[in-house]
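Enquirer: Protein chains in written order, with the numbering used here: chain A, 4 to 611; chain B, 4 to 611.
If you're looking for bench data, these hints aren't it; they were derived computationally from the structure. It is possible that some hints are incorrect.
[Stated by the list, open to error] Here are the simulated SDA-like pairs of lysine to any residue, each with C-alpha atoms no more than 25 Å apart in a straight line: (1) A:K454 with B:Y607; (2) A:K523 with B:Y456; (3) A:K333 with B:S587; (4) A:K498 with A:R556.
[Said to hold, decoys possible] Covered stretches of chain A, going by a simulated chain B footprint (3 or more residues, C-beta under 8 Å): (5) 473-483; (6) 489-500; (7) 546-553; (8) 558-571.
Note that the coordinates shown come from a computational prediction; the quantities given were computed from them, not determined experimentally. Just so it is clear, CB atoms sit at the ideal spot from N, CA and C, and this is done for glycine as well.
Protein chains: 2
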Amino acid sequence: MVSAIKRFLIGRPLKSTELGEQKLNKTKALAILSSDALSSVAYGPEQILVVLITVSAAAFWYSIPIAMGVLILLLALILSYRQIIFAYPHGGGAYVVAKENLGIYPGLIAGSSLLVDYILTVAVSVTAGTDAITSAFPSLHEHNVIIAIVFVVFITTMSLRGVTESASILAYPVYLFVLALFILIGVGIYNILTGHVSAELHTSLGTPVAGISLFLLLRAFASGSSALTGVEAISNAIPNFKDPAPNNAAKTLVAMGTLLAVLFSGIVFLAYYYGITPTGGVTVVSQIAEQTFGRNFMYFFIQGTTALILILAANTGYSAFPLLAVYFAKDKFIPRMFTIRGDRLGYSNGIIVLGVLSILLIIAFKGKTEHLIPLYAVGVFIPFTLSQTGMVVKWIREKPIGWISKLIINTTGALISLIVTMMFFLTKFTQVWPVLVFLPIIIFVFYRIRKHYESVGDQLRLANREPAVPIEGNVIILPVAGITHVVENSLNYAKSLSPHQIIAVYVPFEREDEAAFEEKWHKWQPDVRLVTLHSPYRSIINPLTKFIDTVQRKAGESNYQVTVIIPQFIPKKGWHNILHNQSSLLIRAHLLYRRNVIVTTVPYHLEK
Amino acid sequence: MVSAIKRFLIGRPLKSTELGEQKLNKTKALAILSSDALSSVAYGPEQILVVLITVSAAAFWYSIPIAMGVLILLLALILSYRQIIFAYPHGGGAYVVAKENLGIYPGLIAGSSLLVDYILTVAVSVTAGTDAITSAFPSLHEHNVIIAIVFVVFITTMSLRGVTESASILAYPVYLFVLALFILIGVGIYNILTGHVSAELHTSLGTPVAGISLFLLLRAFASGSSALTGVEAISNAIPNFKDPAPNNAAKTLVAMGTLLAVLFSGIVFLAYYYGITPTGGVTVVSQIAEQTFGRNFMYFFIQGTTALILILAANTGYSAFPLLAVYFAKDKFIPRMFTIRGDRLGYSNGIIVLGVLSILLIIAFKGKTEHLIPLYAVGVFIPFTLSQTGMVVKWIREKPIGWISKLIINTTGALISLIVTMMFFLTKFTQVWPVLVFLPIIIFVFYRIRKHYESVGDQLRLANREPAVPIEGNVIILPVAGITHVVENSLNYAKSLSPHQIIAVYVPFEREDEAAFEEKWHKWQPDVRLVTLHSPYRSIINPLTKFIDTVQRKAGESNYQVTVIIPQFIPKKGWHNILHNQSSLLIRAHLLYRRNVIVTTVPYHLEK
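Let the sequences and hints guide you as you build the complete structure.
Expert: Take a look at the structure:
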């Protein structure tokens, strides 16, 4: 049943050797890895205006120079990451770069922020997309959280089906969204050039504005740079590309950067020229679309593709998180299960954990996008800074041909990223403080996990110890509850292992019972020693454990090993189990976890 | 930790031999076993008036003849149950009587209704008591369900502490309640006799009333007989009495019947004479008390002891349910765990199950007493009828000295109980239909459980089969995941059991891994055969199971037994477990439940 449902949802299992067929070409990779970055255009420009409006609408012209700053930042990031792709063709992005050049702990910080950030990617994209839908159908608004959760479950299932299939589903909405925004920007600019838009809707550039401050402009810039989240995804996912993977990845990165720059500038410019004011209910993109087309088909096409790409942007998280988790697991910061490929060759554990954690985040933040975005943005700029710094150290250390220009690019990237990170903490502290609390906790946990694995590895390594002393013989303890086929079966087995060292143990609660059982036993099995342990407090485990301790002490002296054989009868149907005292399970768990006893379970299958 | 909390809540464990000290004397027994029956006085008379008011207040005089009918019914039940006590001195009440005389399935019906009824006893008493409290403090009213649940948890804990201790706590409120009602009735009658109460408050007996019907009177009678619930409790609990148990029980029963008759008649009479009309907010007893004393100390004393006895009446359920469950479990209708005495010598499983089920009932009925009472009453009269009928059959069959008078008593009891049962179904069908749905389901489940135990017993009994064929030798399969101390340890153990029949099994996911591991293994353990099972679909269990099947088939031919040894390393701290793939647990569960393989777990305890 369960396995049939699994087959239906995620498809037939794939052989390990089918892995090569799952690689991405550039067109699909652009769709799958860029949806996060491109969809940021839907909320990035708005974030700038939201800060400026706190002074006055006259300050909107500042969005143009701020957008230029963001474009410079984008250029620096694209150039820097292009260098990272060629320098680290096996992927891993910020984590690997920071780890190899700055050391394991800066790497851990970069990687942990990225892991958390991918969870935020999923939460932010899905809730933003849900907002877009429920804005269109206000009656659904109170079900926001449930709708968002359903989307996460859907995307998780798609990801479990495997990389290529998700990409086929994803490709259309991403390109449709790009097409829709191109049409919007093109028609908008055409309208402006042909004089259909009044030039009085906006204040001209350079108009003096009362009350503007450097702090406010920095805050607006930091907000606007949230449009750059998702830029690093390609550098983490190079192994997913078709060969030659680094070249294809670099080309895809440049294509994505260009698209992002064009769309971002276009939206900022139109918003400025049309004099759009951000309001609670309607998004900036939606206002531009309405002014350009009116509420016709094109308006709904733009709104629809925006909602779709926002939700599917979550997929970037699903591509990048499991791959980064593999690096983390290989470095022993998180459990090894993250390195195992599922039936469809995706890293299913990473995919599932990502889905579950983002659902928890959505519930914790009650589906409110605006509270998630600042956390999300600051979480991106920490690894940006660390990876660029790592590259700077690398160039200084290795000094390859042409290293000076490479050094300049990465130094610029590192400085700008550092400045943006600091701006976030300075200008939006009330929103981003949780990063300062939770990131150190997560890093500490990862650190402890690594320590544990290292200690286990040391203990298991054969070279570290003398070879074990051979076992001279076996003593078998057989707890019995009566004289039945189950006991006969186990006794038979015990005799085949060690015919002369068997001790049957009976734990009576009443004195009378004790004598009666001993008599019955000696009649039935005169050769097998029986020990009865009267238990006045009606516990089986306590007297049994004490007895085993005694036997073990004696056996240990002559290098004998003690084995406890537990007869367990297994009913035909699962529900029958609740009708039988599960003493054997309790005894087994108690012995294994608290004592160094070998426990053998002899099953006795009932036939009806 | 857990065990310290347990000690604090329920006290130190008692030895089995301390059982005798826990027996009840008559005074305590009356308190513990009669609180249910006596507390019914608080709602029984009101139930009669609630039916009569549907015609008019003039019909209230009918409560006097109806109450006489109830008293006759009470007399018949007390006499009948007195005979049951002496005929069945080991207790078990309706279940044992019906089973022994009418057969196992009528017994099952009687016992099942009683079991369900004890759950209803707890639910009804606690919710009625909660109502009394929240009537006094209306601001608590919306928390009715929570308050009731807290009471159930409290009473459950008290019951787990043991019979005597609960009784000591119980004795005071029960006797205080009896005292309070005696004072109320005494003062009330004194006031009437001294002419302080106007004779015009009530219509005189025999006044003709328009619209009265036989149906309505029967309905009122059925409602009034809900005051008799709890009468059977003593006959179920005879083993709890001090010796001579049957005599003490019979005396306690008569004392209880007398008290019940006096209190019931007194309340009905005062309600009639004072012309009390039942209203939603204030109970009949409360109205009588207010008219007699005004809102002074005595009024609150009566209200307080009423609330207390209602809640503590639940304790009758806690005494009777676990004892009846023991009979049921001994007859294999319910799981054997109900026959095990807990640390304090009470049947803890029965007590806990009762607590949980009554909490579920309270939640399902949202704490509404009025919906629970009819179910409760009808559930009592089914076993009343069956047990009396059983006694009739017994007397006819055995014909002891004086059997004719005994026969007459039980026949009267049986007939009256049957009539009351039928009245319930005829006059209150909309309220009692769930009995017709759920009782058959419960009975069917109990029947199936018995069939299962019987079939298991047949299969386990030694006499039924040939003695098992001795095992010729052992083949040991050892799944290995690497070359570590854990594997070395298990291999050592395997060699001590069967040095020449060990097969190590390795399941690689990649072809390259296969050859490398084989080479390493042969260098390390040249004498131990290694089988590698390449698993292209990355499953360990599937190839392993197939391999074990093959080995088992071959081994079976020459009477060899296959044992799978599973190395399991046990980390120092519990939370470390989540850091390691729990493959060994999965493999073990799979093998034990699906195949007839013996599984040995060799623990390897990590030291840090």
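Enquirer: Holds or violated: are the alpha carbons of K454 (chain A) and Y607 (chain B) at most 25 Å from each other?
Expert: With Cα atoms ~19 Å apart, K454 (chain A) and Y607 (chain B) stay inside 25 Å; holds.
Enquirer: Count the residues of the region 558-571 of chain A with a beta-carbon closer than 8 Å to any beta-carbon of chain B: does the count reach three?
Expert: The restraint on the region 558-571 of chain A holds, since 3 of its residues have a Cβ under 8 Å from chain B and three suffice.
Enquirer: For the region 489-500 of chain A, do three or more residues have a beta carbon lying closer than 8 Å to a beta carbon of chain B?
Expert: holds (count 8)
Enquirer: Against the 25 Å threshold, does the CA-CA distance of K498 (chain A) and R556 (chain A) hold or violate the hint?
Expert: holds (22 Å)
Enquirer: Under 8 Å between beta-carbons, do enough residues of the region 546-553 of chain A, three at least, approach chain B for the coverage claim to hold?
Expert: violated (count 0)
Enquirer: Just to make sure I understand the rule, a stretch counts as covered if three or more of its residues have a C-beta closer than 8 Å to a C-beta of the chain. Does the region 473-483 of chain A meet that for chain B?
Expert: holds (count 5)
Enquirer: Against the 25 Å threshold, does the CA-CA distance of K333 (chain A) and S587 (chain B) hold or violate the hint?
Expert: Distance ~21 Å between K333 (chain A) and S587 (chain B) Cα, so the pair holds.
Enquirer: Does the alpha-carbon distance linking K523 (chain A) and Y456 (chain B) stay inside the 25 Å limit?
Expert: holds (23 Å)
Violated hint for the displayed structure: number 7, the only one.
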